Amino acid sequence: MNAGVGLIVWIILYPLVAFSLGVLLGGYGRKFTARVQRRVGPSWIQPFYDVIKLMGKRTNISHGYMHDVSIILLLGGTVMTLYFVPVPGYHFFGQFGDFIVVMYLILIPSLGMALGVGQTANPNGSIGISRALQMLAGYELTFMLAFIGLAMKHHTTSMYDVILAQQTGGIATWSIVTDPLLGIAALFALQGMLNEKPFEVIMAPHEIATGPMTEMGGKYLGMMFIQHLILLVMELTFFINLFLGGALNWFEYIIKLFAVFTVVLSVNAVYGRFRTDTALRFFWKLPLPLAALGVLGIQFLAK
Amino acid sequence: MNTLWLLIVPIIGFLGSVLLAGSAKKYPAVMKSWALIVSLALIPLSVVAGPSIGAVITGPVVFGSSLLLGFTELSWYFVLMIVGITVLTIFFSVGALRSLTVFPLYYGWLFLKVMGMIAVVLSRDLLSFFIAWEMMSWATFFLMRQGGEKAHRASMGYLAYAVVAGMILLAGTLFVRNTLGTFSFTELSQRFGGADTGILVVALILMLLPMLIEAAVYPFHSWLPDSYASTETSITAYLASISTRMGIYALTVFLFSILGLQVVDRIGVSSHWNLRMVLLVLAALTAVLPTFTALFQHDAKQLITWHSIGQGGYMLLGLASASALGTAGGLFHIFNYLTYVALIIFSIAAVEYRTGTTNLNKLGGLITKQPVAFLGMLFGIIGLAGIPPMNGFVSKWLIYRSLILGGYPFIALCAFLATIGTILSVYKLIHNTFLGQLREEYEGIREVGFWMQAPIWILMVVVLVTGVFPGLILQWVARIQASLGLEVLAYNLGGVSPGEGNLNMIAVIILFLATFVAAWLLFLTGSRRRIVSQYDNYAGGHFLNKNVPYNFNYNFYSAFDHIFDKQYQRAPVKKIERNLGRFISTMADYTRRIFTGQINTYAAYGLLAVLVVLIVLREVL
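Top to bottom, those sequences are chains A and B.
Under the numbering used here, the first residue of the first sequence is numbered 511, with each subsequent residue one higher.
Under the numbering used here, the first residue of the second sequence is numbered 643, with each subsequent residue one higher.
Only chain A is shown next, with the shape it has when bound in the complex (with noise of 0.2 Å):
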């Protein structure tokens, strides 16, 4: 096959195969939550269901414009950023951006969904945006000094690089194993970034009625959805490639992302739910400083 018409064709496919696993992994998410509360649980694609059901609904309430245009922003910025995230198979537009630059790309759909939830004119959601506004300067900002780490060993940006440093000689080489320091610290700034428990601060349904969402109905919250199942791939993904070498084909990429975010709902499944401060003095107090040795191993080994 020609390489320009295989580019095409992923550039089609590659949203809808996120989308696709990212249905069968939050199914997977409710079944194993279930099974841990000794309940049956939903349908394996109970999310997809979900997602059929609110686009169909007849009942669509806006609040203004900015209500309409945030939701597009939310959907096509978690898309375009996803283009960036390199695959078994697919790293055409790391070319055109590094890591850096799809770390403030997901800012886009946040800073969408922020701006459409401030016109809902609903306090719940308000509290919500800033609630998750400053949850970022917790794992954000863990997640960002474990891959300056990671940068600094590889002298690289660009998360295409890095992936195939880590794939020279196996599992030796895999970021986890030979800076475990970062690792752990980003596997902590990841429950934070999928927004589970106990860092569930953002929805918190018993506390702010969903937070964002509340005032969200019908394709507004089919098209959250659809955005959120994107990103839980998305940022699993950043795991798989910056710490676990990434993946040589579609089976083993699979793998690692069930096999990560069983380590994500195991976490998930036990906990309650921290208040905004406690979770980022926690940032601040365990993984911060985990991922800070990390990096001044690796600023000391280098020289």
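Bear in mind the hints are in silico, worked out from the structure with no lab data behind them.
All of these numbers come straight from a predicted model, not from anything done at the bench.
Errors might be hidden in some of the hints.
[Said to hold, decoys possible] With the Cβ distance kept under 8 Å, some of the chain B side facing chain A (calculated, not the full set):
1. A697
2. T700
3. G701
4. F938
5. I1029
6. F1035
7. A1054
8. I1065
9. L1066
10. Y1069
11. L1153
12. Y1192
13. F1194
14. A1201
[As the list claims (entries may be wrong)] Covered stretches of chain A (chain B as the covering partner; in silico rule of three or more C-beta atoms under 8 Å from a C-beta of chain B):
15. 555-568
16. 572-580
17. 619-626
18. 639-647
19. 658-665
20. 789-802
Each residue gets a CB set at the ideal place from its N, CA and C atoms; glycine is no exception.
Let chain A serve as the given structure and place chain B on it in line with the hints.
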């Protein structure tokens, strides 16, 4: 000589404004037209100044060396920015100033300030630099006082710092003249290389301190927020966007053009712990601390002026990292910062024009009433927060990458942390102003007029276009790097060349538009949406109406408040400043007591003085 006209026209503008000041109360239109004409005349002058790069005008000889004015690539970059922002500010002020009764000399000081700044960027020797610097500082001081009693009080803080900075600069100038024998920049750049370390360190401290004060680098920043935020809002935009950046200009010239990178790197205890490291640490503190202070502000102008300190930290981070990426990022960030901060403050001013307040606890929901101001602020905050596709992202990307690859992981972390602080505080700004519940009293307001909208639209276009095509500005930056003898960044229209890293904003924007359209099509597949009133809202079973305030904006970041409240209250710099102020006023009080006002005391002083003179004479003879 074209460049001299750049100084003469603002002086003409100043003199004209002074003559017109008497009639400004009665015929404000005359004054405004005059200001517009003069500022528009500056545009062609600054644009055609390009060919005179390298030319030097020799002035009269003072203390054995002549005053020199000249034009460099860096000067041209700054002259264009100064002229651009001046024109936009004057455009904006034509709409924003309802009357000139309170500010009869608004345009006069503005033109004096322009003249001072242009003189600073033109001067090629320390003495004319000092003179220009002082003119600029005094014009800033008078410009700050345009805004009533509060502005008068706040401007005194600036005055104290500016006078100290000026005196140190004078001492430094004279010290350099006495030890190295010249004022001229080009001669100094040759002599500093051979100077011994003691002289170098003293000269460095005396020259760097005033520049750090003017650039509002931590811990010399505390004069800025109050004095900038208390003036008329269009002046806030002007001062915040260009005035503070003159300190960065001076630092760039001093570090790279006069000292040179080799000499800068020589000063220190090791190759890692040297002057650049000190500057990097100061810059990191400047980026982080003021940014997080901005979170706790309840006034839009205060909030953004704290950022004007923090963003200076980024410029210094880039410059001090001294790689091709870093210096390009630092220089590019000056331009980006100018565009988006002016845009944000103009939007704030547009809101203030209609609502009469900038208090973030008293606004909200204005998005439907002032959509242009909303868009302006949105573009501005995306730039300020450094999120693609606006220009702020590109310069910050250059700085991050330079710091990571240069081996400064924790400084890079500070840069990321400051960006998070920026995102937090700008969201608070736009949320509390334009989003959330619309208050009843603002239901009747409407968008501002042409004169105020035009600068907002222009800056929006600039912020977006230079974000998508950063090569447009990077080509200037690369020329400046070459002229300063720095490593030159390999750039292309959409970002940097593949050898320097992976960044292409054109690809990003194409992808952005494509995915946006795709998501929009998906949005259209659902059934039609219906726009409802803000009171048709989830309220846990209650009914909402005009009498129910249903909004979350007070104490917006409560978790941070909870964690940092004590640290914020402590504010060590403010405390030192207060104690120093108290000490000086006590000393001044003792000095005052010498002057008792009684003739016999003065007679006794006279007698004492005669005695001292006699004793001294006896010893000498």
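Going through the hints against the structure:
{"no.": "1", "hint": "A697", "result": "41 Å, violated"}
{"no.": "2", "hint": "T700", "result": "48 Å, violated"}
{"no.": "3", "hint": "G701", "result": "48 Å, violated"}
{"no.": "4", "hint": "F938", "result": "13 Å, violated"}
{"no.": "5", "hint": "I1029", "result": "5 Å, holds"}
{"no.": "6", "hint": "F1035", "result": "6 Å, holds"}
{"no.": "7", "hint": "A1054", "result": "6 Å, holds"}
{"no.": "8", "hint": "I1065", "result": "6 Å, holds"}
{"no.": "9", "hint": "L1066", "result": "5 Å, holds"}
{"no.": "10", "hint": "Y1069", "result": "6 Å, holds"}
{"no.": "11", "hint": "L1153", "result": "5 Å, holds"}
{"no.": "12", "hint": "Y1192", "result": "6 Å, holds"}
{"no.": "13", "hint": "F1194", "result": "4 Å, holds"}
{"no.": "14", "hint": "A1201", "result": "4 Å, holds"}
{"no.": "15", "hint": "555-568", "result": "holds (count 4)"}
{"no.": "16", "hint": "572-580", "result": "holds (count 5)"}
{"no.": "17", "hint": "619-626", "result": "holds (count 3)"}
{"no.": "18", "hint": "639-647", "result": "holds (count 7)"}
{"no.": "19", "hint": "658-665", "result": "holds (count 5)"}
{"no.": "20", "hint": "789-802", "result": "holds (count 3)"}
Checked against the numbered hints given earlier, this structure breaks hints 1, 2, 3 and 4; the rest are met.
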